[in-house]
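> What follows is each chain in one-letter form.
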Amino acid sequence: MSSEWREDSSALHALGLLAGDELARFRQECHADPALREMSRVLREVTAQLVHWAPPHSPPEALRERLVEDLGSRRGHPGRPDRASPGGAPAD
Amino acid sequence: MSEAPLLLTNDPGERDRTDALLLGLVAEGDREAFGRLYDRFSGPLYSAALHILQDAAEAQDIVHDAFITLWEKASSFERSRGSAFSWAVTLVRNRAIDRIRMRRRRAELLAESAPEDLGYGTDGAAPSADDAAVQGDNARLVRAAIAELPVEQRRALELAFFGGLTQEEIARRLQEPLGTIKARIRRGLLKLREALGPQL
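Chains A and B are the protein sequences, given in the same order. Heads up: the first sequence begins at 1 in my numbering, then just goes up one per residue. Heads up: the second sequence begins at 1 in my numbering, then just goes up one per residue.
In short, the hints are calculated from the structure, not lab data. Treat the hints with caution; some may be incorrect.
Some chain A residues well away from chain B (every beta-carbon gap over 10 Å; in silico) [claimed, not checked]: (1) 1; (2) 27; (3) 31; (4) 32; (5) 35; (6) 44; (7) 52.
Only pairs whose alpha carbons sit at most 20 Å apart, straight line, appear in this in silico EDC-like list of lysine to aspartate or glutamate [claimed, not checked]: (8) B:73 x B:16; (9) B:73 x A:70; (10) B:73 x B:28; (11) B:73 x B:137; (12) B:73 x B:39; (13) B:73 x A:69; (14) B:191 x A:4; (15) B:191 x B:152; (16) B:191 x A:38; (17) B:73 x B:55; (18) B:191 x B:148.
Label-pair restraints from in silico Cβ distances [claimed, not checked]: (19) A:33 x B:94: 38 to 46 Å; (20) B:102 x A:33: 14 to 22 Å; (21) A:24 x B:137: 35 to 43 Å; (22) B:76 x A:28: 32 to 40 Å; (23) A:62 x B:144: 31 to 39 Å; (24) B:107 x A:55: 33 to 41 Å; (25) B:57 x A:21: 19 to 27 Å.
Just so it is clear, CB atoms sit at the ideal spot from N, CA and C, and this is done for glycine as well.
Next up, chain A with everything else stripped away, as it sits in the complex (with noise of 0.2 Å):
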């Protein structure tokens, strides 16, 4: 297993760009291989800054007051208890 391989897999991993046979290989080498986890986890943060790049948008109020409605109908979390007050919602 080359280092332009560990490189070359862990980035295209990272950006979801490995499938079939290749990603079988890479997940089965990762587990065998701290190294090779720790590059990949690395890349995968690198990757993740990327939505940095998008022109910056704020979405809108109402999104915020769907998820505020959708929580408040949800008991707590699935074989957990509500510690939230009833109807709680997101802080601002």
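Assemble chain B onto chain A, guided by the hints.
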């Protein structure tokens, strides 16, 4: 919700720790923590979803669904496997890309409906300085690092991250061998790792 650890900071390590702490509180059903997490993540997540989908209603749906998933699955989060932010980005990006791939399949217009037709432009140019100023320090740092990449690496990363194209589709679009595309993506991400390294 404990206030002490939730400092406003631009220190990336501290930021990730705060996000993880908030997500831990969300796992306990803390809606105030969920609101704090929404305030921290929703801007960049919505911006990315909108950039991918070019449709505000769809972008809102995607971000909504991702936050519901964060609420429901918070207890399964393991910080050792990655940051809360990268998890949230993955949730949004995967959903957005699934949608654009469905659009393409439905229209059978894969080649014609790729990113440059969605208004991304073809030169892979970095965002304007004005745009960058709107974002926080972290976003500015990321944008500056991206701007330093060679244009061919930026273009390959852009098509992969926002366009949802496969390796082969990127190679066809850019009329380059597959190995060249892999190398551009690898070099681009490794350069970004160098530039952003201290915060990862």
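> Does each hint hold? Answer for all of them.
Hints versus structure:
1. 1: Non-interface label on residue 1 of chain A holds, nearest chain B Cβ at 15 Å vs cutoff 10 Å.
2. 27: Check passes; 13 Å lies beyond 10 Å.
3. 31: Its Cβ never comes within 10 Å of chain B, the nearest being 13 Å, so this holds.
4. 32: Fine: 17 Å to the nearest Cβ keeps residue 32 of chain A off the interface.
5. 35: 15 Å, holds
6. 44: 5 Å, violated
7. 52: 4 Å, violated
8. B:73 x B:16: Given pair residue 73 of chain B, residue 16 of chain B holds - Cα atoms ~18 Å apart, limit 20 Å.
9. B:73 x A:70: Roughly 16 Å between the alpha carbons, so the hint for residue 73 of chain B and residue 70 of chain A holds.
10. B:73 x B:28: 11 Å, holds
11. B:73 x B:137: With Cα atoms ~29 Å apart, residue 73 of chain B and residue 137 of chain B exceed 20 Å; violated.
12. B:73 x B:39: 19 Å, holds
13. B:73 x A:69: Holds - the C-alpha atoms of residue 69 of chain A and residue 73 of chain B are around 19 Å apart, at most 20 Å.
14. B:191 x A:4: OK: residue 191 of chain B and residue 4 of chain A at ~15 Å, within 20 Å.
15. B:191 x B:152: 13 Å, holds
16. B:191 x A:38: 17 Å, holds
17. B:73 x B:55: Given pair residue 73 of chain B, residue 55 of chain B is violated - Cα atoms ~27 Å apart, limit 20 Å.
18. B:191 x B:148: 9 Å, holds
19. A:33 x B:94: 38 to 46 Å: 25 Å, violated
20. B:102 x A:33: 14 to 22 Å: About 35 Å separates the Cβ atoms of residue 102 of chain B and residue 33 of chain A, which means 14 to 22 Å is violated.
21. A:24 x B:137: 35 to 43 Å: 40 Å, holds
22. B:76 x A:28: 32 to 40 Å: Violated - the Cβ-Cβ distance for residue 76 of chain B and residue 28 of chain A, about 23 Å, lies outside 32 to 40 Å.
23. A:62 x B:144: 31 to 39 Å: Roughly 33 Å apart at Cβ, these two residues keep to the hinted range, so it holds.
24. B:107 x A:55: 33 to 41 Å: 25 Å, violated
25. B:57 x A:21: 19 to 27 Å: Given range 19 to 27 Å: violated, Cβ gap about 38 Å.
Of the numbered hints given earlier, the model fails hints 6, 7, 11, 17, 19, 20, 22, 24, 25; all others are met.
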